[in-house]
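From first to last, the protein sequence lines are chains A and B.
Under my numbering, the first residue of the first sequence is numbered 208, with each subsequent residue one higher.
Under my numbering, the first residue of the second sequence is numbered 726, with each subsequent residue one higher.
No lab work stands behind these hints, which were simulated from the structure alone.
The C-beta atom is built at its ideal place from N, Cα and C for all residues, glycine as well.
Just to be clear, a hint being listed does not mean it is correct.
Here are the simulated DSSO-like pairs of lysine-lysine, each with C-alpha atoms no more than 30 Å apart in a straight line [what the hints assert, rightly or not]:
id	chain 1	residue 1	chain 2	residue 2
1	B	991	B	964
2	B	896	B	843
3	B	894	B	991
4	B	920	A	231
5	A	281	A	264
6	A	231	B	991
7	B	920	A	273
8	A	264	A	231
9	B	911	A	231
10	B	894	A	231
11	B	960	A	231
12	B	1080	B	1012
Now the in silico label distances, taken between C-beta atoms and shown as ranges [as the list claims (entries may be wrong)]:
id	chain 1	residue 1	chain 2	residue 2	range
13	B	843	A	259	53 to 61 Å
14	B	940	A	282	31 to 39 Å
15	A	247	B	731	52 to 60 Å
16	A	265	B	935	23 to 31 Å
17	B	931	A	259	22 to 30 Å
18	A	260	B	922	31 to 39 Å
19	A	247	B	955	34 to 42 Å
20	B	991	A	247	47 to 55 Å
21	B	888	A	262	47 to 55 Å
22	A	217	B	871	24 to 32 Å
23	A	265	B	871	41 to 49 Å
24	B	963	A	233	28 to 36 Å
25	B	1016	A	262	55 to 63 Å
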Amino acid sequence: MPELELMDLSGVPCPANSARILLKLEMMDAGARLEVLLDDGEPADNVPAAVSEAGHKLVLRARAGKSWRMVFEKV
Amino acid sequence: MRGVQLEAFGNPSSVHGAGTAAARAVERARCLLALRLGAQPDEIFFTSGGTESNNLALLGTAPAPSSRRFRLAVSAVEHPSVLEPARRLERDGSALAVLGVDSDGIVRLDLLEKALRKGLDLVSVMHANNETGAVQPVEQIGALCRRHGALFHTDACQSFCKLPLDVNKIKADLVTFNAHKMHGPKGVGALYVRKGVSLSPLMTGGGQERGLRSGTLNTPGIAGFGAAAQLCTDKECAKAAALRDFFISSALSSIPGAALNGHPEKRLCGNINLRFSGVESKPLLLKLSARGIYVSSGSACSAGKTEPSHVLVAMGQDRRTALSALRFSLGRGTTKAQLVYALNELRRAVEEARKCRN
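Using the sequences provided together with the hints, build the complete structure.
Okay, structure coming up:
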């Protein structure tokens, strides 16, 4: 299993965080996965919806201390 | 830009789909610009232009007037958008040192080092001068500032995308840059703020740009800023430098009494600043304008009295000599044929001006 690239979006507000994830996914091949670190609260609530709205899949959502670790798959 | 204006019309701070589309345009530009500087996207803050970025860098770094005394140094050849906030801080109680330059307009490092030894909080020296194109030794300046514990700000509006600029290499803490000096739209700029450097905002409100610069972002302008940065190439700078050198050598050899202002090599690729003995630049500027050649005199007209350029005066020129400076700026579309035409018209205009005087 190839190591996932981690995008640390701690402190990046909405919707800049979603925008950066979508830009990164744009550059990846279909099926490739991206791991992101997000703040609790609005980012953890809004980002999965925004990325899913663009057609990509949320494959993992887990607590990481005070933050959230999520993995998205490019569709 | 047109596409963004039409298809990403949402507010880039809104979390709905239209807002996210606009935020994507903004973040794309932020990433592209960060890449150009060797910075992280989170270190780029959008503003309305170079003036705002320079004000934010200087005024935002200074503590409240009632707290400890702020000590800063700026070069004598800075743009007014650095000099004026520096003077404002001085009026409010800060200690300001204005660093002199040599006859080519290059900052004297001995003076900087002396000021740093006495103790400075912030040093602001531009990367390249807007009038003479003089390129400052920013790498040495950054190293000196770092060694003495001062923050280093550089105004890179003139040099951004024209000269190599890596914030880590030059050890800059704050860098001003804007769009319209490299064929981007007017009314948009940015400030690079090194992670960990604390700044106070000039404007408060909605808390955009992570609280540092409130106000709805100029999304089409920012998208254009990023796109313009993507279009700049080293090749076009090399082309402009060759045209610049052709124009300078032709003017100096064919126009009696012509001289170059600024360093012959340490200058921006598209900058030409000449003076013509015994001829004031204003009438030349008007004559050339009537012939479709748009140049700058490098002096400011204030209260009906023409003032010589503070940059040329700082380089040691007397008032009369400084008032004869004429600046030609070359762009992406400038051709050799245009320069040959400009040279012929310039020669004619100087001759006419001298005849009028006699």
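Okay, the hints, checked on the actual structure:
no. : hint                            : verdict
1   : 991(B) with 964(B)              : holds (16 Å)
2   : 896(B) with 843(B)              : holds (21 Å)
3   : 894(B) with 991(B)              : holds (18 Å)
4   : 920(B) with 231(A)              : holds (22 Å)
5   : 281(A) with 264(A)              : holds (7 Å)
6   : 231(A) with 991(B)              : violated (39 Å)
7   : 920(B) with 273(A)              : holds (21 Å)
8   : 264(A) with 231(A)              : holds (14 Å)
9   : 911(B) with 231(A)              : holds (28 Å)
10  : 894(B) with 231(A)              : holds (27 Å)
11  : 960(B) with 231(A)              : holds (29 Å)
12  : 1080(B) with 1012(B)            : holds (14 Å)
13  : 843(B) with 259(A): 53 to 61 Å  : holds (58 Å)
14  : 940(B) with 282(A): 31 to 39 Å  : holds (36 Å)
15  : 247(A) with 731(B): 52 to 60 Å  : violated (36 Å)
16  : 265(A) with 935(B): 23 to 31 Å  : holds (25 Å)
17  : 931(B) with 259(A): 22 to 30 Å  : holds (27 Å)
18  : 260(A) with 922(B): 31 to 39 Å  : holds (36 Å)
19  : 247(A) with 955(B): 34 to 42 Å  : holds (35 Å)
20  : 991(B) with 247(A): 47 to 55 Å  : holds (51 Å)
21  : 888(B) with 262(A): 47 to 55 Å  : violated (41 Å)
22  : 217(A) with 871(B): 24 to 32 Å  : holds (27 Å)
23  : 265(A) with 871(B): 41 to 49 Å  : holds (43 Å)
24  : 963(B) with 233(A): 28 to 36 Å  : holds (32 Å)
25  : 1016(B) with 262(A): 55 to 63 Å : holds (58 Å)
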